[in-house]
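The hints should help you fit chain B onto chain A, whose structure is shown.
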Amino acid sequence: MSLNSFKRALWVYHLNTGSCNGCDIEILAALTPRYDIERFGMVLVGSPRHADVLLVTGPVTRQMEPRLKRVYEQTPDPKLVIVVGACGSEGGVFYESYNLVGPVDQIIPVDVYVPGCPPRPEAIIEAVVKAWVKLEKAAQRVA
Amino acid sequence: MATSVPTLDYWAPLVCLIAFVILIAVTYLFRSRGRKQYKKGTAQTEIFLSGEEPPDTEERHIRAYNIYWGFFQGLKRYYDPTIKAHSGIINDYIIWLIALMSITAVILTIVSLT
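Going line by line, the protein sequences match chains A and B.
Counting from 383, one number per residue, gives the positions in the first sequence under the numbering used here.
Counting from 2, one number per residue, gives the positions in the second sequence under the numbering used here.
Excised from the complex, chain A in its bound form:
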């Protein structure tokens, strides 16, 4: 499959919406020499305005809802949203907690879910690849 939607390697913005930091540590592990996603050009960037992919962790607390929406809106198109972890996917251990408005897909559209508590770095990297392929297929359907 030819990859035409992005002209360069994907840049990723990581947003924690109330995670316990387990998933965040696994995302960082994907950057470390053992997994080293930077060899593919993928880097974590400090602003969603520079990003192609939003990696969202956490079940979305009430305080984080407007921030999550704003970060999503500030990411230029085309963009991908990947939810990392059980909490962001369906609430996890915080399911039905009084101070949650999530999971993430209740707030913003999600492309790929990575289940796990926390998921392994290989799963996170595969999710980015799957999201990219999904976007490419969607672009081909439109073309």
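Any given hint could turn out to be false.
[Unchecked claim] In silico BS3-like pairs for lysine-lysine, Cα to Cα no more than 25 Å straight-line: (1) A/K516 to A/K451; (2) A/K451 to B/K37; (3) B/K40 to A/K519.
Derived by calculation from the structure, the hints in this document are not laboratory data.
In this text, all values refer to a predicted model and were calculated from it rather than measured experimentally.
This is chain B only, laid out in the frame that chain A set:
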């Protein structure tokens, strides 16, 4: 007698013009490498403040006064009474003027008599 000879030294207009053109070209090169997908008038072109709502332009303006903060702080003992003297009331300023003119007149009179 020395004569002025135009040379290509540091402040020569031609050098400045060439430097300016090179600067513009490099700037354009960097700018053209940037992303073009931003939709104008949406949140995509707003500044990013960790997901916070960006304040109005007036509120995020840093006043030039802040640059001189250390200067004013160091001369606080001088500035405090001076600022108080600038009350903005014209009567106060007239009093200052008359007082200073009186003092000057007295000094000049004393000097002229001695």
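Here is how each hint holds up against the structure:
no.	hint	in the structure
1	A/K516 to A/K451	holds, 22 Å
2	A/K451 to B/K37	holds, 22 Å
3	B/K40 to A/K519	holds, 23 Å
Comparing the model with each numbered hint stated earlier shows that all of them hold.
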